[in-house]
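For the protein sequence lines, the chains are A and B, in the order given.
Going by my numbering, the first residue of the first sequence is number 894, and it counts up by one from there.
Going by my numbering, the first residue of the second sequence is number 354, and it counts up by one from there.
Any given hint could be a false lead.
Computed beta-carbon distance windows for the label pairs [to be verified]:
| no. | chain 1 | residue 1 | chain 2 | residue 2 | range |
| --- | --- | --- | --- | --- | --- |
| 1 | A | W1008 | B | F377 | 24 to 34 Å |
| 2 | B | E386 | A | T1036 | 21 to 31 Å |
| 3 | B | S355 | A | P1054 | 31 to 41 Å |
| 4 | B | G365 | A | G934 | 10 to 20 Å |
No farther apart than 30 Å at their CA atoms in a straight line, the calculated lysine-lysine pairs in the DSSO-like style are these [to be verified]:
| no. | chain 1 | residue 1 | chain 2 | residue 2 |
| --- | --- | --- | --- | --- |
| 5 | B | K387 | B | K398 |
| 6 | B | K398 | A | K901 |
| 7 | A | K1123 | B | K398 |
| 8 | A | K1120 | A | K906 |
| 9 | A | K970 | B | K379 |
| 10 | A | K1123 | A | K970 |
| 11 | A | K970 | B | K398 |
| 12 | B | K379 | B | K398 |
| 13 | A | K906 | A | K970 |
| 14 | A | K970 | A | K1120 |
| 15 | A | K1120 | A | K967 |
| 16 | B | K379 | A | K1120 |
| 17 | A | K901 | A | K970 |
| 18 | B | K379 | A | K901 |
| 19 | A | K1123 | B | K387 |
| 20 | A | K1120 | A | K901 |
| 21 | A | K967 | A | K901 |
| 22 | A | K906 | B | K379 |
| 23 | B | K387 | A | K901 |
| 24 | A | K906 | B | K387 |
| 25 | A | K1077 | A | K999 |
| 26 | A | K1120 | B | K398 |
| 27 | A | K967 | A | K1123 |
| 28 | A | K1123 | A | K901 |
| 29 | B | K387 | A | K970 |
| 30 | B | K387 | A | K1120 |
| 31 | A | K1123 | B | K379 |
In short, the hints are calculated from the structure, not lab data.
From the three backbone atoms N, C-alpha and C, an ideal C-beta is built for every residue, glycine too.
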Amino acid sequence: MAQAAQNKTRGRKLLGASALLSVLAGLYFGLIEAPPDAYQGNAQRIMYLHIPSILTAYLSFFIVFIGSCLFLWKREKRDDILASSAAEIGVLFTALTILEGSIWGKPTWGVWWTWDARLTLTAILLLIFIGYLMLRSLIEDETRAAVCSAVLGIIGFLDIPLIHMSVYWWRTLHQPPSILRPDKMPWENIHPSMLIALAVNFAAFILLYFYLLSLRFHVGEMEEEAKTRKLYRGSL
Amino acid sequence: MSGWGFVFLAYGIVWLALLLYLFFLKRRARRVEKELAALRSSAVKKN
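With the hints as extra help, turn the sequences into a complete structure.
Structure follows, in structure tokens:
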């Protein structure tokens, strides 16, 4: 058991080191190696953060969705800890996505914010998962809190296909996807030097995400053990 | 503000926020580890 814990810690450290190296590579490619955009100039470099941030947030809420479904099915505490850990990090990445988009929007669109369909649906996604975290802290009965938040986690995830399709369904200011397009491959849309910067930053965000998730999950597991031990001690 | 000004503002906010989150998470982990170690040792003493 101690050996397994040691291996986990070693794995987490390795993941952290890989994340750090890839973040440094991402900064180099995003700020130095990639050329400025012909129309947007240097402000386009914000996209090397913005796109990886939102894709990482989507991944995080997908993990919330899976963890919530598993918890409602099997009622195992581990799945609830996984879902709540992913929700917390997903909220952080969604908030950062909105901030980055806002900072990019000012020089490009001329406004910090507009009630565009995609922006509004992303803000709703953020509010749903802030609500998810608040719900967990407001309900005292832990099992009930876990069940209610699992249901909200599943409903909240359904906002993501709406966000993705919003640029097709409504006439929006936000441009259609450049990467995840059914009609073209990514390299047909973007210059390779920009695509490489985007790919390196995406890899960096994913590695950093899994490092943060493993650390947050570890904290959740330890808090659960401490709670159980306190309860056991109190019952003696 | 120039294009670079917006770029540095965005990169600054993002990496500062992520570093702060990591810092608080590490601090929380250390606190729970200490608490858990104390609980484990008190359980061993009782046994």
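For each hint, the structure was consulted:
1. W1008/A x F377/B: 24 to 34 Å: Given a distance of about 33 Å, which is inside 24 to 34 Å, the answer is holds.
2. E386/B x T1036/A: 21 to 31 Å: Between E386/B and T1036/A, where Cβ atoms are some 26 Å apart, the hint holds.
3. S355/B x P1054/A: 31 to 41 Å: Holds - the Cβ-Cβ distance for S355/B and P1054/A, about 38 Å, lies within 31 to 41 Å.
4. G365/B x G934/A: 10 to 20 Å: Hint holds: Cβ distance 19 Å, inside 10 to 20 Å.
5. K387/B x K398/B: 17 Å, holds
6. K398/B x K901/A: 28 Å, holds
7. K1123/A x K398/B: Judged against 30 Å, a Cα distance of about 15 Å means the pair holds.
8. K1120/A x K906/A: It holds: about 26 Å lies between the C-alpha atoms, which stays within 30 Å.
9. K970/A x K379/B: Roughly 22 Å between the alpha carbons, so the hint for K970/A and K379/B holds.
10. K1123/A x K970/A: 17 Å, holds
11. K970/A x K398/B: Since the Cα atoms of K970/A and K398/B sit roughly 28 Å apart, the hinted pair holds (cutoff 30 Å).
12. K379/B x K398/B: OK: K379/B and K398/B at ~29 Å, within 30 Å.
13. K906/A x K970/A: It holds: about 25 Å lies between the C-alpha atoms, which stays within 30 Å.
14. K970/A x K1120/A: 13 Å, holds
15. K1120/A x K967/A: 21 Å, holds
16. K379/B x K1120/A: 19 Å, holds
17. K901/A x K970/A: Since the Cα atoms of K901/A and K970/A sit roughly 19 Å apart, the hinted pair holds (cutoff 30 Å).
18. K379/B x K901/A: It holds: about 16 Å lies between the C-alpha atoms, which stays within 30 Å.
19. K1123/A x K387/B: At roughly 14 Å apart (the allowed maximum being 30 Å), K387/B and K1123/A satisfy the hint.
20. K1120/A x K901/A: OK: K1120/A and K901/A at ~22 Å, within 30 Å.
21. K967/A x K901/A: 24 Å, holds
22. K906/A x K379/B: At roughly 12 Å apart (the allowed maximum being 30 Å), K379/B and K906/A satisfy the hint.
23. K387/B x K901/A: 18 Å, holds
24. K906/A x K387/B: Roughly 20 Å between the alpha carbons, so the hint for K906/A and K387/B holds.
25. K1077/A x K999/A: Holds, because 29 Å separates the two Cα atoms, which is no more than 30 Å.
26. K1120/A x K398/B: 19 Å, holds
27. K967/A x K1123/A: 25 Å, holds
28. K1123/A x K901/A: 25 Å, holds
29. K387/B x K970/A: With a Cα-Cα distance of about 22 Å, the restraint between K387/B and K970/A holds, given a limit of 30 Å.
30. K387/B x K1120/A: 14 Å, holds
31. K1123/A x K379/B: 22 Å, holds
Every hint, counting from the list given before, is met by this structure.
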